[in-house]
Amino acid sequence: MATVAVAQEFVSIIAEEIASGVDRAVECWMAQMEEALNDGHLTSPGRLAAVQAVMRQYKEITGKAELTPCRRFERA
Numbered sequence: 001m002a003t004v005a006v007a008q009e010f011v012s013i014i015a016e017e018i019a020s021g022v023d024r025a026v027e028c029w030m031a032q033m034e035e036a037l038n039d040g041h042l043t044s045p046g047r048l049a050a051v052q053a054v055m056r057q058y059k060e061i062t063g064k065a066e067l068t069p070c071r072r073f074e075r076a
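Start counting the sequence shown at 1; every next residue gets the next number (this note's numbering).
Just so you know, the hints here were simulated from the structure itself, not pulled from any lab data. Hints are not guaranteed to be accurate.
[Stated by the list, open to error] Below, computed lysine to any residue pairings styled on SDA-like, alpha-carbon distance capped at 20 Å:
#	residue 1	residue 2
1	K64	G40
2	K59	T43
3	K59	A15
4	K59	T3
5	K64	A53
6	K59	E9
7	K59	L48
8	K64	V51
9	K64	W29
10	K64	A50
11	K59	W29
12	K59	A49
13	K64	V4
14	K64	D39
15	K59	A36
16	K59	A31
Take the sequences, apply the hints, and build the full model.
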């Protein structure tokens, strides 16, 4: 029984670490997009180009040519 408990705790620790890494990565991408959108030195087309550059970088790093559409969050 102790072995099972240790294994479950180990899996939980690994899962928490993975979730934390995903959260940090998503926050990084969102911060880059927010920075591009809020850059007062860029024109509207410049902001769009900056966001597109972030998207290209994401796709290049992940090897994804297309992104899977998702449902939009309902606003409260």
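Status of each hint after checking the structure:
no., hint, result
1, K64 <-> G40, "violated (30 Å)"
2, K59 <-> T43, "violated (24 Å)"
3, K59 <-> A15, "violated (24 Å)"
4, K59 <-> T3, "violated (41 Å)"
5, K64 <-> A53, "holds (14 Å)"
6, K59 <-> E9, "violated (34 Å)"
7, K59 <-> L48, "holds (17 Å)"
8, K64 <-> V51, "holds (17 Å)"
9, K64 <-> W29, "holds (15 Å)"
10, K64 <-> A50, "holds (19 Å)"
11, K59 <-> W29, "holds (11 Å)"
12, K59 <-> A49, "holds (15 Å)"
13, K64 <-> V4, "violated (38 Å)"
14, K64 <-> D39, "violated (27 Å)"
15, K59 <-> A36, "holds (17 Å)"
16, K59 <-> A31, "holds (17 Å)"
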